[in-house]
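Residue numbers (this note's numbering), protein chains in the order written: chain A, 1 to 357; chain B, 1001 to 1357; chain C, 2001 to 2357.
Simulated from the structure, these hints should not be mistaken for laboratory data.
Note that beta-carbon positions come from the ideal geometry of N, C-alpha and C, so glycine has one too.
Careful, some of the hints might be misleading.
Claimed, not checked - Here's a subset of chain A near chain C, in silico, CB distances under 10 Å, partners left out:
(1) 316
(2) 331
(3) 332
(4) 336
(5) 340
(6) 342
(7) 347
(8) 356
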Amino acid sequence: MIFTWLLLLIPISLGMHYFLGLGPLWTFATAIVAIVPLAEWIGRATEQLAHRAGPAIGGLLNVSFGNAAELILALFVLISGKPNVVKAQITGSIVGNSLLGLGLAIVVGSWGRERQTFKRERAGLLSSLLILAMIALLLPALFDYTERGLAAPSDARRLDERLSLGVAVVLILAYVANLISTLCTHRDVFAFPTEENGAPREQSWPIWQSLAVLVAGTAFTAWEAELVSGALEKSAAALGLSEFFLGVIVLAIVGNAAEYVAAIYFARKNQMGLVLSITVGSTIQVALLLAPLLVLISHFMGKPMNLVFANPLELIAIAGVTFAVNAIAADGETTWFEGVLLLAVYVVLSMAFYLVK
Amino acid sequence: MIFTWLLLLIPISLGMHYFLGLGPLWTFATAIVAIVPLAEWIGRATEQLAHRAGPAIGGLLNVSFGNAAELILALFVLISGKPNVVKAQITGSIVGNSLLGLGLAIVVGSWGRERQTFKRERAGLLSSLLILAMIALLLPALFDYTERGLAAPSDARRLDERLSLGVAVVLILAYVANLISTLCTHRDVFAFPTEENGAPREQSWPIWQSLAVLVAGTAFTAWEAELVSGALEKSAAALGLSEFFLGVIVLAIVGNAAEYVAAIYFARKNQMGLVLSITVGSTIQVALLLAPLLVLISHFMGKPMNLVFANPLELIAIAGVTFAVNAIAADGETTWFEGVLLLAVYVVLSMAFYLVK
Amino acid sequence: MIFTWLLLLIPISLGMHYFLGLGPLWTFATAIVAIVPLAEWIGRATEQLAHRAGPAIGGLLNVSFGNAAELILALFVLISGKPNVVKAQITGSIVGNSLLGLGLAIVVGSWGRERQTFKRERAGLLSSLLILAMIALLLPALFDYTERGLAAPSDARRLDERLSLGVAVVLILAYVANLISTLCTHRDVFAFPTEENGAPREQSWPIWQSLAVLVAGTAFTAWEAELVSGALEKSAAALGLSEFFLGVIVLAIVGNAAEYVAAIYFARKNQMGLVLSITVGSTIQVALLLAPLLVLISHFMGKPMNLVFANPLELIAIAGVTFAVNAIAADGETTWFEGVLLLAVYVVLSMAFYLVK
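Same shape as in the complex, but just chain A:
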C-alpha cells in the first residue's frame, strides 16, 4: 500500500527542517505530503476501534477522528494568525470533495461501463443536508455585507462574530440530530467502508495497537501541521502563489486525499452509493461539523474566527457545488461525462482562485 511507504516522509520532513535547513519550501512540501499517510493511518485506527465498539460508539469515533488530520492542520494555521487561510481551506474541502473527489471517482469508475447507478433516496437526503448547510454557511457573509454599509466596522465585526457563533451552534445541533436519526433508522448517509461493502479488511488489531496508532498519528500530524503553518507564508511567496490559493487548493486536497483514494477505489468496485457518501458526505461533515467546531474552538482560544468568507468567489464556489451535486445526484445514475462536468467546474473555480489577488 502506497500509504505505508509515504510514512517515510515523516522523518524526511522533520530531518529537512531541523537538520538540513533547506528552506521553507522544502519543509512545506514534505510536511504537507507527510500528512496524507498520517490521515490515512488515523482513519484506519479509528475504524479498528469502531469495529470493536459497535455501531453507536463506532459511529461517534468515526465522526470524531474522521476529520482529525484536517482539523489539526486548520488549528495550527489558525494559531499562526491566518483565519482567512483556514476559511479558504474549508471552502477548498467543500469544493474539492464534491467536485474533484466525486468527479475523479465517477470518471475512473465509469471506465468500461456505460453508466453506474445508486439509490436515489440516499442522494436525496445528502442533497437536502447539503442545501441547508450551505444556506447556513453563506448567511454570515451576506449578513456581513448587509451590515458593513450600516454599522461601524467594530460593531459589524462584533455582530459577525455573534452570528457566526450562533450559526455554529445550530449547525452542530443539526449534525447531532443527523447522528441520532442515523442511529435510529440505521440508514447511514455517512457510510464508512466496511467488510460487507467489499473493502479488503486486514486482520483486526488489538485495542492497544489501535490506540497507539491513533495517539502517535495525531501527535505526528500536529507536528507536521506546525511545520506547514510555519512555512506557509514563505512558501507562498517562493511559489508566486497567494496564501489563499495554497489554502483553498493545496491544504484542502491534503486534508482529504485519503478520502479521494477511497472514493476512487469504491467507484471501481461499482459501489456509487458509497462513493457519494464518502465524497458528498465528507463535504457535509466539513460544513456541519468541521467549520462550526473551528469557530467554537477559535472563540475559546481567544483568536476568534467568524464564518464570513473573505472572498465572494468562495460564496459562488460553495453555492455552485450545491447545485452541481444536486444536478448530478438527482437522476440516480452517473456517466463519465457527468464526472467530466464536475472536474470542469473544479478547474474553472481553480483558475479564478489562482487569478484572484
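With chain A's structure known, arrange chains B and C on it following the hints.
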C-alpha cells in the same frame, strides 16, 4: 377549541387600550394575539360559504378571504407609513410558512412514524410555482441595486416603482392562470381542509351566520390591526427590538398562525400532501397574490410601496426557502430530521434578522 | 412555407439601404427580419449535408452551422465595437430559448391536451449541463466584482480577460466531451429533427445544392448582419430603446427564431422530448459553444471580449433560467400552466431590461 377562548382577547385588548391605558406594549401584545382567533374565524366563515357556493366560487372566496387578516394587518402598517415593515412581513410570511410551519408539522407528524409520504406531482407543481414567484419577487431588488449606481436617486425610485407595478400585474395574472388551471383540471394545489380530507366538520351554518361572522371578523381585525400598527414603533423600542424584526417574525407569525395549527393537525393525520399545500401553498399565495395586491393597493392609496426588499438578508431568506423546500419536497417523503433541518434554517435566519440593525 | 417568402426581404433590405436611403431604422428592421429565413435555410442545408455524411460528421456539421447566423450577427456587432451588446445577445439567447421558446411551445402544444410527457433522463442530462454552463458563465462576472475592489482597473481588466479565456477553453472542451459522449452512447441530447421524429422531409438535395445554399446563405447573412450592426446605434436612438435592450431582446430573438418555430411544430406533434432538446439544448449550445467561441475569436481579432456580463440583471436572468428550466423539467411532464409560468418570467425579465438604463 382554543381559538374560541382566544376571542376573549378582543375585549381585553380594546379595554386595555381605551380604558386602562397600560402603555403601547400591552396594547401591542394583546391586539396582536387577538388577531389570531379572528383570522381563524374569518377562515371558518369563508369555508362555510365556500361549501355552499360550489368549487368554482368557493375557491375564489377562499382565495379572497384566506389571507384577509394578513392583508388588513399589512394595510394598516402601510397606512402608518412603514412600507419596509410591510415588506418584512411579506418576507416573514414566506419564510415562516415554509420553514417554521412546514418544519413544525413534519416534526410533529413524524412522531411515532419512520417516514411520511406524499405525491411527488403536487410537490413538483408547488416547486415550479415557488421558483417562478421567487424570481419575480427578487427581480425588483436586483434591478434597484443595478440602477442605483447608474441613475439619479429620484429616477431610480420612479423606475423601481414602475417595475414593481409591472411585476405585480404579471404575478396576479399568473395567479389567475393558476386558478383557471386548477378549476379545469380539478387538481387543487392550494387545497383547503374539507370533509373528505378528514377535517372535523361542524354542522354547516346558515348563510346569514357565515356572512355575519365574516363581516364582524373583518371589522374587528381591522380595529385590532389599527391598534397594532399604532403601537408598533413604541413596542419595538420598549422591547429593544427593531421594527424590522417585529415585522419579519412577530407580524408574520400572527398572520399565519391559524395555518400552522391546521398544518400540524393534518400532519398528525398523516396527510402530508395537504400539509405541503397549506404551508408551501400559503407561501406561494403571499408571493403571487398578497405582495402584488399590496403594491397595487398602495399605489392607488397614494402611498406607493415597491417590491424592493430593503435588506439583502431578505433576498437570501426568500431564495433559501425556495431551495430548502425544493430539496425537502423532491423525494416525496419526509422524516423528522428533514423537519429539524427546516427549523434549523429558520432559527439561523431569525438570528440574522435579530442582529441586523 | 413562410420562410421562403421571407427571403424576399433580402433584396428589399439591400435595396432600401443602398438605393432608397430611407434611414437606419428601415435598414435595421428589414435586415434583421431578413436574417430569420437565412438562418432557416442555412439550417436546412446543414441538415441535408448531415443526412448524407452519417451521424458522426453530421453531428459536427449541425453543431458548426447550427448557430452560424447567430455567430455571424454577433461577430459583426463585435467588430463595430459593441462587446456589451454581444453579451446582451448571448444573455438574450439563453433567456429567449429556454423561457420564450420553450414557454410558447408548451402553451401551444398543450392546446387540447391535459398534459404532455417526456423522458426524465434526457431532461436530467440537459439540467446538469445547464447548471455547469451557468456556473462557468457567471464566474467571470463575480470574479470581476471581487477584483474591482482590490486591484487597479487595468489589472482587473487583464485578469478578467485571462479568466474569460480560460473559462472559454474549458467550456469548449466540455462541449467536445459531450459530443464524444453523444456519439458513443447514441443518446443525443441536442437532437435535431429527423425523419423518424416525424419532420416533413423534403426530397434530399444533391451535395452541390446543399453546399451552394450554405455558402450563399452564410454570405448573405454576413451582409445583412453588417447592415444591422451599422444601423444599431441610430435605430436604438430612433426607437427610444437602449442598445442593450435591442441586443437582449431583438437580436437574440432573430438569431433563434427558426428554432422557436421548430419547437412549436414538434410541440403540436406531442414530441416534448424533442422540444426540450431544441430549446434547452440551444441554450446550452449558446453557453458552451457560441459564447466561448466569441471570446476566443474576439481575442484573436484583437478586439477582446471578456465574459463579464456588464449588467447584474443578466446574472439573475441566466441563473433564473437555470432554476426555472430545472423546475419545469424535473417531473417529466408539462402543462399549459407551466408554459405560462415560463412566459411570465420572460415578460418580467423583459420589463426589467426595458427599464434599466
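To see whether the hints hold, each was checked on the structure:
1. 316: Interface hint status for residue 316 (chain A): holds (5 Å vs cutoff 10 Å).
2. 331: For residue 331 (chain A), the interface hint holds, since the closest Cβ of chain C sits about 4 Å away, which is under 10 Å.
3. 332: Because about 9 Å separates residue 332 (chain A) from the closest Cβ in chain C, which is inside the 10 Å limit, the hint holds.
4. 336: 7 Å, holds
5. 340: 5 Å, holds
6. 342: Hint on residue 342 (chain A): holds, closest Cβ of chain C at ~8 Å, below 10 Å.
7. 347: 6 Å, holds
8. 356: Constraint on residue 356 (chain A) satisfied, holds at 6 Å.
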